[in-house]
Amino acid sequence: MSAAAIGKDLLGLEHLTPEQITLILDTAVPFKEISERAIKKVPTLRGMTIVNLFFEASTRTRISFEFAEKRLSADTVNVAASGSSVSKGETLVDTARNLEAMKIDMVVIRHQGSGAARFLADRIQSNVINAGDGTHEHPTQGLLDLLTLRERFGTLSGVRVCLCGDVLHSRVARSNLWGLQKLGAEVAVCGPRSLLPNAIDELGVRVFSRIEEAIEWAQALNILRLQLERMQAGYIPSLREYNRVFGVTRERLERAPRDIVIMHPGPMNRGVEIDSDVADGPHSVILDQVTNGVAVRMAVLYLLAGGRPELAEAAKG
Amino acid sequence: MADTTATPLVLLRGGRVLDPSTGLDEVGDVLLRDGKVEHAGGSLGEVRRDGDLTEVDCRGLVVSPGFIDVHCHLREPGREDVETIATGARAAAAGGFTAVCAMPNTDPVTDNQAAVGFIIRQAQLAGAARVYPIGAISVGQKGEALAEFGEMIGAGAVAVSDDGKPVASAQLMRTALEYARAFNIPVADHCEEPTLARGGAMNEGIVSARLGLKGIPDEAEEIMVIRDILLSRRTGGHVHLCHMSTKGSVELIRWGKERGIRVTAEVCPHHISLTEDAVEGYNTNAKMNPPLRTAEDVAALQEAVKDGTIDLVATDHAPHHYDEKEREFSDAPNGIVGLETALAVLVTHLVAPGIISYDTLVDRMSCSPARVFGLPGGTLRKGSVGDVTVFDPTAGWTVDPAQFRTKGRNSPYNGMSLTGRAMCTVVGGRIVYRHNA
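Line by line, the protein sequences are chains A and B. Each residue of the first sequence is one higher than the one before, counting from 1 in the working numbering. Each residue of the second sequence is one higher than the one before, counting from 1001 in the working numbering.
The reader is advised that the hints may include incorrect statements.
[Claimed, not checked] Pulled a few chain A residues facing chain B out of the computed Cβ check, cut under 7 Å:
| # | residue |
| --- | --- |
| 1 | H136 |
| 2 | G204 |
| 3 | F208 |
| 4 | S209 |
| 5 | A256 |
[Claimed, not checked] A short, non-exhaustive set of chain B residues, derived as facing chain A with CB atoms under 7 Å:
| # | residue |
| --- | --- |
| 6 | G1205 |
| 7 | I1206 |
| 8 | A1209 |
| 9 | G1212 |
| 10 | I1223 |
| 11 | I1226 |
| 12 | Y1282 |
| 13 | E1324 |
| 14 | E1328 |
| 15 | F1329 |
| 16 | S1330 |
Hints listed in this document are in silico derivations from the structure and should not be mistaken for laboratory results. Idealized CB from N, CA, C, for every residue including glycine.
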């Protein structure tokens, strides 16, 4: 197979070029149509073996990857940390080497440690796709967010996007930040300072302390999930107050000077970072994000497997 | 001496004899007899061979008082798989160290006189660099009850420290500084405010923000630095601050010294040669505590070594098993090996760029540690202990951890080209290491 246009692995968006990111998004467009068919399957990755190695609980991302793999006819195996040799104390590198010894082609990894996907990619021959590593990156989520915004605005250049909430602990925020900046969007963050990285000012983003200011400025809000354990760890006083001060509510959006596209990577805490009538409202693209997730992951699998981007239209059969 | 054991004589011939403690700097000879310095300085000509004479050709080399590392982790007892006192003492000798101080965070902890005695015995059996035990400040290093300083000092300990852990309780630190005064020993503190540092894996800054790793802010160190300095002022006790890593700490130490407070401080070779950028790619061999900081911190620490605000260089040699470092960054243990690269890192990063002279290097590696910790050596004065380091200041080499004497392979300098290496290490008038010999 030819060398992939996006490299051996997809570990994050920070080190991709704008051209590579655009290539993935462009490739996702034709693949999106496959999922609209009655028979949602093409033979593109027939004979390839993909392991979904999930050390952290995940429903949405794992299922999305699995659909993407199956719709491209790959053989897939799901390995969860609990019930596997991992729970018996096996190291990450041993787990990976054992899988590779069974002759696989790709690993999709979700892990609680930042850098875990890179660690694996440096040590095995198979392609590695990062499905979320600690608080580092979640590149396919970033890509599906970019695709969703591009569908809405036609371009990302100059679009004003605000990432709201727990940027400090969010891998989604980091992937969004790199991807948006590379494609020319204006990026802001908004949240309590205790949930923003101390060095946020060095990341080339606008920082809003109040959600009202963010709403005044933004064309799109990507509302990050507030992990409930952050309150227990003392980063914020209470979920109730978080909603009162930082929550994206209908009342606040109604005062905005324009319609604002509402995004959320899920799973949502309704009534905390986002109110139900916003999540279910007319400007929410949250379910489009989910749909685009499958298409983007199909594109990534296809490109990493050495598929030629110009043949993506034909590859969908 | 009995005729069965001829008087051992070591003659270090023709080197640049450099001893800041006496102001000596001339090409000449050093003669050691019966474990002591008999002569250091001008050329001796013919030496009467009234015993077993070993002559070492030192032309082109520097001959200095033996290097002393006041901060290393030899892992025995408890983790003999990663280092023993014997392998650590041999690694020290290979790095040009004639003596090292062993931190007490072993298993069990060195918090009583019997444990101190064990280390001394193992070091004698090793017959390489001297090993001086450092006793724990608190029983089990738990930060609660004071350990028995008096008995530990009596058994041969040279200082107390809970290194590896901070002394979280200011009251315990105060008591330790007061109690230590009776024995005139330093209380060495690992400065880390635990609630600020908790869960941190690297320096807090732009790199940690990008890599998604929890950061340790400068203030975690600096808050404890100023606390310790103020407690030293209150008690009159000698506080020694371990492995300083920030520009702010340097400023605080300067503040303390200007006021005559009994504070001394050390810096590690890695904190004056590497920055947080070394973590890029989640390199676990760049993970240590305190973490690598920024270029601004490195510059401030280099300046502090030069002007003496930082008294001495210590390695914080911390071997770990390969498997423990070969894992996800946040789960990997802190620490790197340093005994066999310290000299070369200082020559390459401080002497070669003209920041310090060899004179200052020898002072910070030998004279000053001896002075601060009250140890024998650190001088070539006639009659003093025969601990001498001979090093080649121009030898270039590429770091290959597989060649180390230490069992540890966890070095951030792996593959780097450095200049300067120990050629011959003499402890008590006996050669314990010769390069390529």
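Here is how each hint holds up against the structure:
no.	hint	result
1	H136	3 Å, holds
2	G204	11 Å, violated
3	F208	18 Å, violated
4	S209	18 Å, violated
5	A256	29 Å, violated
6	G1205	5 Å, holds
7	I1206	4 Å, holds
8	A1209	4 Å, holds
9	G1212	3 Å, holds
10	I1223	16 Å, violated
11	I1226	21 Å, violated
12	Y1282	3 Å, holds
13	E1324	10 Å, violated
14	E1328	3 Å, holds
15	F1329	5 Å, holds
16	S1330	5 Å, holds
Of the numbered hints given earlier, the model fails hints 2, 3, 4, 5, 10, 11 and 13; all others are met.
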